[in-house]
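A.B. asks: Please work from the sequences and hints to get the whole structure.
Listed in order, the protein sequences are those of chains A and B.
According to our numbering, the first sequence holds residues 332 to 640 in order.
According to our numbering, the second sequence holds residues 38 to 522 in order.
Just so you know, these hints were derived from the structure itself, not from any lab.
Backbone N, C-alpha and C fix where the C-beta goes; we use that ideal spot for every residue, glycine too.
Treat the hints loosely; a few may be bogus.
If you only want the chain A side, here are some residues facing chain B, beta carbon under 7 Å, derived [claimed, not checked]: (1) L548; (2) R556; (3) R560; (4) S563.
For reference, the chains in residue letters:
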Amino acid sequence: MSALASRLVQAIMVALLIGAATFAMMRSLPGDAAWRIAAGRYGYDNVDAAAADAVRAELGLGGPALPALLQWLGDLARLDFGTSLVTGRPVAAEIAHQLGASASLALVAVLLSLLIGPPLGILAGLRPGGPLDRGLLVASTGLKAVPQFLMALVLIVALAVQLRWLPAAGHGTARHFILPGLTLALGLAAVNARIARDAMARIAAMPFWRFAQWKGLSERQTLIRHGLRNVSVPLITYLGLQFVTLVEGVIIVESIFGWPGIGHALVHAIFSRDVPMVQGTALVLGLGFVVVNAAIDLAVRHLDPRVAA
Amino acid sequence: MTLLKAEDISVRDGGTVILEPLSLQLDPGEPLVILGETGSGKSLMAQALMGTLPPELDAKGRIAIGTQVLNAGAPARFRGLWGREIGVLPQEPWLSLDPLMRARDQVAETHALVRGLPRGKARARAGADLAALGLGGSETRYPHELSGGMAQRVAIAAARAGGARIVIADEPTKGLDAARRDDVAALLLTEMGETGGLLVITHDLALARRLGGRAIVLRAGAVVECGATDQVFAAPKAPYTKEFFAADPERWAPRRHAARGGPAVVSAKGLALSRGGRTLFEDVSLEIFQGGVFGVTGPSGCGKSSLGDALLGLIDPARGTVSRRSGNHPNDFQKLYQDPVAAFPRKRTLGQTIADTARLCGARPGEIETLRDRLGLAPGLLARRPGAVSGGELQRLSLLRVLLRNPSFIFADEPTSRLDPITQARVIALLTETTERDGTALLLVSHDAALIRNTADTVLALAAPRPPCRPDAALARRRVASTLH
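C.D. replies: Take a look at the structure:
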């Protein structure tokens, strides 16, 4: 219970910090915000000084910073995220729309990474120093070292352009999930596999592993009964940290694959100086981090009774 | 009917024989004890019988278990016997139970997977097994909620649930105090009963005497003596057996008491310590003098190690005062740890680690060599890593490192609890000799009352705190920390 309470405090702190930081950053960006917002509304070709002035007057952009920030915080306390400066629609509605697309992509990526990384890691950890272990070390180090935008381009060139197996971009059918999902999953799996490998190697060297076999259990039974649950504890704990990688990845991958998600929206909102959208999106991502970690805390407590003790 | 008959088991490491041909047999209701110091080959014998020898070692000989005859050189074949014919009582019962599984499930899975009982029946049988061992009501506890003794009982139930009639226990009393040691002996004898077989590998003489049956004394891979345990103890024939028994702290000649000189190096007045809100002891006052050995003994968890830590200033007392002789540098007060393996970094050579200390405290050149010779350590040892030297050598190397500091006070925390008797006698002799020779004050903590009685000038016996303490909980917490990394 106290763990949840501390997460709640954390959530409030995160909201305040993110709100203030995005506000300050958006204010300090170079260029005329009114021009950018006008461009976002009417398109770059239709902007002139009159349109920019009209936007400036409408939104009161020239005003002092502090009241604007306090206004935003006050609205936030009433769960009002404000309206988008570009589309004029409520920010909450925009985010709700995009969040679904992002969450489904993130979920696919995590599931894919869990299918790729941990099984390979566990097999490698059962034979530390074996060919699979050494191969996996090279492969995961290599994959982790490839930035996501490059990984995305390599996959597009190979699987979409050359082999024509999958669509290069777009959204809608299950086939569209594969390339962006795989781009994110490979980066996650590279680390997952290492975590699973180290946990498995450590567990296989523990006396209880040996003792399970002395009781008469086969290698397979030992793995299923005593390996998986023990490996899952560090793996799930680490999943919470991987959420950061995932959010970073989502922003890049959505932009590359034209995925109508929250990351894509964040990039566009920054370009067109849509401050309420930027604040709202960053806030949702930050709070998502807190929620995911709270859920992981609960899961680990459920799996490992010693943590609760 | 003989349960197990091993003929001419020998073990070689490349060209060298490390266990000479040894035959033994296990009969129902008669324990067999293999006694020997570290490196005598007694654990190799147990590993050869279980087929768990490291692959680089080469075993020979025939082993008949029940109706099967196996070749010791083909260890893969033994796997099918585990749990079904041979049950192993692990050395560290706590670490041998899955930390994430309830006690009953750990026993039930053997019933279900090894014996093939349906799930519900397996659970019921497991519950009955635990109840028979006095663990009724603890079925749904996790290992970290069990005491060491309870964990040991769960482990033996789990090891035997597959139907194993033979129990092999390798050093089942390592690091246990006298009361726990007697519990283990009683548990093993009960489990063996009239029809089971029991093979115990140990250097614990008190355990061997309690178990009775037959005994084999090993030294350097060869049998020195064998016979009925009572007779071997009553009238040892081989000179080595006599030396081995004489190393038992019970039989040590009491040390001549040192003369008191000068002011106390360390003293405490009205000291009380508590851990986790529970009082360990109260109102302890003591003075430790130069050249004197101050002994502290008591059951596990009574706070004897904490007392030493409080005297060093590593933990704060709940009440009372500790004073260390003025004019001394904090580094003049040193601690010798219980587990020498854990006290050295694993991946560096011992020489590098010790050279670091020498540099840090500005030791004179050649001082390492002088101390090394004094402690009877071969020069080649310093080039090795901690894993590649024996426990006794490593503890002497720890002592060397402590002595480099030229300490006025040494707190030796169970310095020999992981060593065999002969090595223990040697290390304790070196410690007391150092104390007298350098005028160091020594605080010696041990669960072995006889060792303390025969070594110390002054003895402080601490009682178990009430309610009975659970040092286990602390260990369990430490394990959580390590699992989370």
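A.B. asks: Look at each hint and say if it fits the structure.
C.D. replies: Verification of the supplied hints:
1. Look at A:L548: its Cβ gets to within about 6 Å of chain B, closer than 7 Å, so that hint holds up.
2. Annotation: interface hint on A:R556 holds; nearest CB of chain B at approximately 6 Å, less than 7 Å.
3. Taking 7 Å as the C-beta cut-off, the interface hint given for A:R560 holds, the closest approach to chain B being about 5 Å.
4. With a least beta-carbon distance of about 9 Å to chain B, the hint placing A:S563 at the interface is violated under the 7 Å criterion.
Checked against the numbered hints above, the structure breaks only hint 4 and satisfies the rest.
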